[in-house]
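**Q** Sequences are here, hints too, so could you generate the full structure?
2 protein chains.
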Amino acid sequence: MTTTLRRHTIADVAKAAGVSKTAVSFAFNAPDRLGTETVNHIIDVATTLGYRPHPVASSLARRKTGTLAILTPQPLGEIFENPYHALFASGVATAAEAAGYALQFISPLKGSLARAVERASVDGIIAVGLDPAHPEVARIRRYGMRIVLVDAAASELAPSVSIDDEAGAHAAAAHLVALGHRDVLVLSVEPPAGSGGTPAAVAAERMLGYRRAFDEVGATISDDQVVDAPTTIQGGHEAFGGAWDDGQRPTAVLAMSDATAIGALHATREYGIEVPGDLSIVGFDDIDQASYTNPPLTTIHQPVRRKGEEAVRLLLQPTTDTGRPEHPRLDVRLVIRGSTGPVRRHDRRWPTVDR
Amino acid sequence: MTTTLRRHTIADVAKAAGVSKTAVSFAFNAPDRLGTETVNHIIDVATTLGYRPHPVASSLARRKTGTLAILTPQPLGEIFENPYHALFASGVATAAEAAGYALQFISPLKGSLARAVERASVDGIIAVGLDPAHPEVARIRRYGMRIVLVDAAASELAPSVSIDDEAGAHAAAAHLVALGHRDVLVLSVEPPAGSGGTPAAVAAERMLGYRRAFDEVGATISDDQVVDAPTTIQGGHEAFGGAWDDGQRPTAVLAMSDATAIGALHATREYGIEVPGDLSIVGFDDIDQASYTNPPLTTIHQPVRRKGEEAVRLLLQPTTDTGRPEHPRLDVRLVIRGSTGPVRRHDRRWPTVDR
DNA sequence: TTGTAAGCGTTATCAG
DNA sequence: CTGATAACGCTTACAA
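One line per chain: the protein sequences are C and S, in this order. Just so we're aligned: 10 in numbering that gives the first Met the number 0 is position 11 of the first sequence, and the numbers increase by one with no gaps anywhere. Just so we're aligned: 76 in numbering that gives the first Met the number 0 is position 77 of the second sequence, and the numbers increase by one with no gaps anywhere.
In short, the hints are calculated from the structure, not lab data. Hints are all accurate, no fakes.
No copy is singled out in the list; a pair is fine if it fits within one copy or between any two copies.
Straight-line C-alpha distance at most 20 Å; calculated SDA-like pairs for lysine to any residue: (1) Lys-109 to Phe-27; (2) Lys-63 to Gly-99; (3) Lys-109 to Asn-28; (4) Lys-20 to Leu-59; (5) Lys-109 to Glu-308.
**A** Okay, structure coming up:
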């Protein structure tokens, strides 16, 4: 029979050690304010009693939890399995650990982000892919928690950290254009769930960059050359396959994420398409996997881990009462690997698809 | 100038609504005990005031936090970037979300797991790869938190969920043996940091399984055919390369994780080794990436996501006062893909390594 | 159905 | 250097 014995409290320790509660508290949190003797004695008694300061009570009294959170509008299952998010979380976690903070995740609870936010005992929130105008942003601030936005448009409402999406996309497309490609398929990212189809800020920016590169040589990307896909390998696989089956015959693919790019790469095998001989592919993000594909993926590198660290810095830095929220923008760069090459001069005759 | 205005408390709402604190509390937590009228009124007042019940105060009074944690002895950065752990976390997260729990991560704080555990305000902990005899396990229980062990030996000290490592490993090795392989290189996993070289329970079990399969045909695996490697692609790459450079010429590789198997696979390209023509490789875990390699990886599938869900179930289930802690063991199975084949009859003459 | 009052376990203020 | 005592903000018997 397991007797659930009452946890020892600070009072128990105080009594057992023959001191006041205050002394015990000091022994743990401000040992310098006590005699070395007393401290040792108190700690001894505490450990033999198996006592630890109750973290919740402590948080209440201190008015801080020592925890910060990553908030995402998607369910956590999706987040952890997405290499981009994993990389980002890794950066956040490293910086949080270094600063002595615990890390928690917030995602919709029973479908409601609001409910999840309400119940969160954290000092600050790093929101990924949340629009500054989203009602939760205002609520979080009203609740007195700090917030930093990631992969969102810069705004007065909250600090944010992002990358130069337009420039990155432009570099990707310009690389293709320079290789002679004019006929491209864009694998965009799905608009966020509750947005009614409005593309995420990130997707919009990247589209701008792609278009600018084509404009510069008098070429264009028509709307039916742009298809949305879930940011997964499978999503990219199916999106590319769908476009190909519909009769599209691009000479290159511009994917807004490495995951979809890798998916497209796998799809090419099914169709007997050679990369980069028949088709060039360029991704975005430069996740670890990108250098392990066959051929290795040409992509836009962004410092994902550092993005996470930067977000923590912004969240934890003393309030910049200088006025405006900061909006650091990290650099990106084109990484040319094996999945891109010059466009074929003469059309290859593709096997007819039977549908 | 940002005036940090005091958060509204339950008392404010009570006063503004002209009711008692109790009524406000009920309006949020037990609306049935109040008149519909009153509830609506209170909620109205609360929302216009921007009030939410303070989660920490609430936790203190309720004596539960509504949060559970995944604990790992490794730094979080490593965890998130490891596909196996990511998959596991995904399972845990999904189950936790469904049960209305928030998810937090605990990892050594300033090098000390103990410190991190002390500060954790969670109701329960899922510890991955922690030995039942590890002092933290006892401490966690003494603190009154529940705990479930994952990838650890079964013991009286705590419930656990695991897989049949020995059987899985045996299946992997038997597959190779059946293909005629006798000369194998085992890529084991590094012993945990503070263990003084004692292999993790999981590694020991798997080694047993490998050996049994070889024993069955009168073959053996000598100690120098076993090398440790960090559980990463790079780790596998380097471990295989090191062994090859040392002059080992196995016809097959038994890797204790897909990550190291994939690393070995990449290394083969550098050496001009053909898989599976010259060398067979079999992994362990069956992470998503395993089906996307070239050739696709033969491996042991384990239900990683379900392992996470099962851990949550064990953690949250009403105390089974029937006596002993449960130790569910999930099934594994061999998945034959493209990285394994029959052993070559005649030795290929490997190019001499220049070192 | 609603209100009163006693915890929950710390920390922090302010005398001694 | 040490010790009462008042917060911290909510929940929950117990009463009314």
